[in-house]
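Counted from 1, the sequence shown has number 129 at position 129 by the UniProt record's numbering; the numbering is strictly sequential.
Label-pair distances were calculated between CB atoms; the ranges are:
1. 12 x 50: 22 to 28 Å
2. 108 x 16: 21 to 27 Å
3. 3 x 107: 18 to 24 Å
4. 17 x 52: 33 to 39 Å
5. 49 x 111: 20 to 26 Å
6. 4 x 32: 17 to 23 Å
7. 96 x 51: 20 to 26 Å
Keeping only pairs whose Cα atoms sit at most 35 Å apart, straight-line, the calculated DSBU-like set for lysine-lysine is:
8. 9 x 114
9. 60 x 30
10. 9 x 60
11. 83 x 49
By construction, these hints were calculated from the structure, which means they are not laboratory data. For glycine and all other residues, C-beta sits at the position ideal for the given N, C-alpha and C.
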Amino acid sequence: AHSFESSMKSARASYIAGTFPISIPAFYRKYSIEMQKYPVMIAYHATVKSFPSELEAFRKVNELFPSRTALMIDTYDIKQGTKNAIIVANELKQKGQMLLAVVIDSGDLAELTKYCLQKPVSKKQSKDLLQLMEQLSLLLAHLEKRLFPPALPILLH
Numbered sequence: 001a002h003s004f005e006s007s008m009k010s011a012r013a014s015y016i017a018g019t020f021p022i023s024i025p026a027f028y029r030k031y032s033i034e035m036q037k038y039p040v041m042i043a044y045h046a047t048v049k050s051f052p053s054e055l056e057a058f059r060k061v062n063e064l065f066p067s068r069t070a071l072m073i074d075t076y077d078i079k080q081g082t083k084n085a086i087i088v089a090n091e092l093k094q095k096g097q098m099l100l101a102v103v104i105d106s107g108d109l110a111e112l113t114k115y116c117l118q119k120p121v122s123k124k125q126s127k128d129l130l131q132l133m134e135q136l137s138l139l140l141a142h143l144e145k146r147l148f149p150p151a152l153p154i155l156l157h
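Construct the entire structure; sequences and hints are all you get.
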């Protein structure tokens, strides 16, 4: 979010829609809601840009918040962001941890999701990416049921 106000509005909409817990303590305080014990930590664009490289940012965020991070993969180049997320997911898997999700927040989400799924580096990475993107599909399916009438379907891939 670009400002405190927009992050609070985003958190409110997320909470109303019933999506995964967010990590904005001010939101929980303002609405007297008990903060989730382990909220999702999203590596937003500003976080990613504060490191020398995207891969380094992804690694550090996962080091600080193991098994509860979502990585924003479209900060610079979505193709490289996808590869970096897969690298980090594989590293975490070797430690017995997991990458919770990946996030795409700009552009045509349906097309970019398809692009990410169709451009893997290997079959193994394709499988790993599919598991990560499943979280996004589940979120979109959940939002579709709650927010849109049957006449306005959302393309899920």
